[in-house]
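Novice: Here's the letter readout for the chains.
Number of protein chains: 2
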Amino acid sequence: MKGFILVCSALSTFTFAHAQDSLMFRKISDEVMLHGTCYDNLRTLCKEVGHRLSGTPAAANAVKWGEKAMKEAGADKVWLQPVNVPYWHRGAERLELNMEKDFRQVPALSLGNSKGTGGKTLEAPIVMVQNFDEFKVLPDAAVKGKIVFFNYRFRQDFLTSFEGYGDAVAYRWNSPNIAAKRGAVGVIIRSMSTGIDDFPHTGSMHYDDSVSVKLPEMAIGNITANALEYACSRGTVKAKMTSECHMVDGLRPSYNVIGEIKGTETPERIITVGGHLDSWDVGEGAHDDGAGCVQSIEVLRTLKAIGYKPRYTIRAVLFMNEENGNKGGWAYLDSAKAANENHLLAIESDAGGFSPRGIGMEMDEAKKAQLSRYASLFLPYGVYDFVHEEGGVDISPIHNKMNVPAAGLLPDSQRYFDYHHTANDIFENVNHRELKMGAVTMTQLIYLVCEHGLQ
Amino acid sequence: MKGFILVCSALSTFTFAHAQDSLMFRKISDEVMLHGTCYDNLRTLCKEVGHRLSGTPAAANAVKWGEKAMKEAGADKVWLQPVNVPYWHRGAERLELNMEKDFRQVPALSLGNSKGTGGKTLEAPIVMVQNFDEFKVLPDAAVKGKIVFFNYRFRQDFLTSFEGYGDAVAYRWNSPNIAAKRGAVGVIIRSMSTGIDDFPHTGSMHYDDSVSVKLPEMAIGNITANALEYACSRGTVKAKMTSECHMVDGLRPSYNVIGEIKGTETPERIITVGGHLDSWDVGEGAHDDGAGCVQSIEVLRTLKAIGYKPRYTIRAVLFMNEENGNKGGWAYLDSAKAANENHLLAIESDAGGFSPRGIGMEMDEAKKAQLSRYASLFLPYGVYDFVHEEGGVDISPIHNKMNVPAAGLLPDSQRYFDYHHTANDIFENVNHRELKMGAVTMTQLIYLVCEHGLQ
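Chains as they are written, first to last, in the numbering used here: chain A, 41 to 495; chain B, 41 to 495.
Isolated chain A, as found in the complex (with noise of 0.2 Å):
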């Protein structure tokens, strides 16, 4: 009898430890969804700060704006930590394009860390592809001088809209090294877009050491594309890009913006909960990443509401650099290094204001094993996926050079690619009841942690 009596009574102890949780889970939801002020804090990043790129002004102003709004959501501790950020500047840019008879301007951006035309028009024939594969099948005399047009689709048959990016972005990142092997003097490419619209989406692209020439490299909208894909099925169109987009030599001061929370019985076990600060500069990084920032303020804002004392240490992070460096991300781990913390677990929010649907996981199969069992708390919450293989770029260091748990918040991804890294990733596009549901996801998961270690 003794083995029964001790499965019942962890199987009673795990019960009530269940229903405890289960009523934390509720004074968490309720306290965001009737008394958050994220959406209230994303308002005013998006609209009185705006975008926000590494280096630039408005970044600066940004870091201010997240220092404050910490000491509000009553952080016990808030401070600055030093980032060298790159500055990429866009310039003036136009391209435009004789699909019908004239020249027309159309809507296109820069690629971000790109090299521009030094202000000067470039005008060159244009030669379309629809793939690498068909890239590489091209004879060198149709390559060189022209400007090359990789019209890869995003796949919209992915459920899930992050593998189309993955599926995608290596054209975005890595055309113009391709084409400069072949002689080509320039590249345009379909952005990286499940829009039905005519944004055209920028994002970081790299220059290969092994490529000595620097092709300015520009994206068009879904519509312009398509437009320009029957163009060059019927004959030769040209195009004239003009752009004053380069990097700036050195880095600049920046910072981190950090808001803790002290443990009150292991306080050098740290827990940190982040998005990152910075964003490109269209738009008004609403969900890339104004989201993520303003949930990880929430949840610290909350923790305080409801009068709990974490164990553990908690940190809300705002990472600046995450864009085009990722130099947060860095720092936060020479820092964490330096002072030997002792960090139990990362969260990443970096995927959208959108309606929670899973917790990703990079752990070990013991960690995850422990999170998947607290399914069933989450479910009531519309959060059920625990299965996927998920951190997030600025926890990605701690992660990988510390062994960091890290998870990520999974929002449902439909329509991220319609606005990521856009003019219309716009405050306007965040609907409050999605952007205080990732909070609530992100809290309970701390809550959890906090009350049951993670082994």
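Take these hints with a grain of salt, some might be off.
No copy is singled out in the list; a pair is fine if it fits within one copy or between any two copies.
Result set (EDC-like, lysine to aspartate or glutamate): computed pairs, CA atoms no more than 20 Å apart in a straight line [what the hints assert, rightly or not]:
{"no.": "1", "residue 1": "Lys67", "residue 2": "Glu203"}
{"no.": "2", "residue 1": "Lys87", "residue 2": "Asp237"}
{"no.": "3", "residue 1": "Lys344", "residue 2": "Asp197"}
{"no.": "4", "residue 1": "Lys441", "residue 2": "Asp289"}
{"no.": "5", "residue 1": "Lys278", "residue 2": "Glu405"}
{"no.": "6", "residue 1": "Lys67", "residue 2": "Asp197"}
{"no.": "7", "residue 1": "Lys117", "residue 2": "Asp404"}
{"no.": "8", "residue 1": "Lys104", "residue 2": "Glu468"}
{"no.": "9", "residue 1": "Lys87", "residue 2": "Asp173"}
{"no.": "10", "residue 1": "Lys160", "residue 2": "Glu300"}
Worth flagging that the hints you see were computed from the coordinates, not collected in a lab.
Could you slot chain B onto chain A? The hints should help.
Specialist: The following block gives chain B in isolation, referenced to the frame of chain A:
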């Protein structure tokens, strides 16, 4: 050994069937996501027909649109099923409040089916209550001759917004009856709205037979309601209500639109999939319920496009008059009974064109259990919720009176009550991927039932 072999054989048959089903699920998904026409159909319905209240010329245009769209989708047979519908006429309307010194017009909508002021201006002081309980304890003198402002808030703490709607909707439906009995002269309600905006939400109300005086009832948006709440808390506010709205005597001829694919093996057994074609007389009825209509048509198109020949007859039905009478649902029942039809299952999509999350079921436990066993097939498509009891208004007559098993598509509910019954329920607020994924889910469900029956 015989038993063992039987088990293995059954198991391998199951595994094989599962693998086949999984492939067909993917085929359906690819067809809809890559070649689906539901989004384009919705654009046409919203932009060329627009809103389409029962009995209006626009509703007649919607019927023509639906007939054409069914034929284009490849239905074997398309027909119009006569339905006599009520007609409620809004006419001119105006609400003015003197929240500050002077009267100022505010955004407001008369509630559907209500009787206005006969075009005259009704001026009276406002008495505000937060809920029915507060109203009950008001002294008679505080109500008599007043316009009652029911300031009940849509509860944002419900995680599924339909729960919030269920909680609040009595204030729209019943307030004039309650207020009339105490001698009030009019009713203003805070809209059934999750929105942080000033869109008033219309929707149906009713007059009790026992109430002799039919009070006018208007809804205001949340921003105006907040302002009115503040003003009422500081002093007496007056309202001027002017509205021409009224029910027009008699019924008008209209139609359900039906498209069918004939079953190959047992064509006499019918699976219905539908949404409602009518909408309120503001906005474009995009989510409510253009989405359900175009998704239902998409089911037919997809089955044809992938060359699937269903064992049972599949009927897409665009029901007329869900919003203020459900005459279409009743006409469908009458016809089914008259023809002694054999209905296997009815599925409705009437909760918006958002990412699907589940399939609600109103059917016996054995059938629920059978459909729940397919959950792992749906999971990769983000559909995991098989626990909610849910069908649809249009299919409720055949469910209730003929005991037809009913299923309701359960999309993400966070944004629905921002748009529901407002001028903002427009095509632009529907995402093409989310809309299509709902059609994927419904087609997959129908495929499964065709393959495996419904026990």
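Novice: All the hints need checking, so say for each whether the structure fits it.
Specialist: Results for each hint:
Taking CA atoms no more than 20 Å apart as the test, Lys67 paired with Glu203 passes between copies only; the shortest distance there is 18 Å, against 35 Å inside one copy. With identical chains, the CA atoms of Lys87 and Asp237 are at most 20 Å apart between copies only, with a shortest distance of 17 Å across copies and 24 Å within one. Taking identical chains as interchangeable, the C-alpha atoms of Lys344 and Asp197 lie at most 20 Å apart only when they sit on different chains, with a minimum of 19 Å there against 43 Å within one chain. Proximity of Lys441 to Asp289 under the C-alpha cut-off of 20 Å is found in neither arrangement, the shortest distances being 28 Å within a copy and 76 Å between copies.
With identical chains, the CA atoms of Lys278 and Glu405 are never at most 20 Å apart, being 54 Å at best within one copy and 65 Å at best between copies. Taking the shortest alpha-carbon separations for Lys67 and Asp197, only the inter-copy value of 10 Å comes in at or below 20 Å, while the best intra-copy value is 39 Å. Neither within a single protomer nor between protomers do Lys117 and Asp404 lie at most 20 Å apart by alpha-carbon distance, with minima of 31 Å and 57 Å respectively. In the homo-oligomer, the alpha carbons of Lys104 and Glu468 never lie at most 20 Å apart, since the shortest distance is 23 Å inside one protomer and 35 Å across protomers.
Taking the shortest Cα distances, Lys87 and Asp173 never come within 20 Å of each other, neither inside one copy (44 Å) nor across copies (41 Å). Proximity of Lys160 and Glu300 under a CA criterion of 20 Å is satisfied in neither setting, with 49 Å inside one chain copy and 61 Å between copies.
Checked against the numbered hints above, the structure violates hints 4, 5, 7, 8, 9 and 10; every other hint is satisfied.
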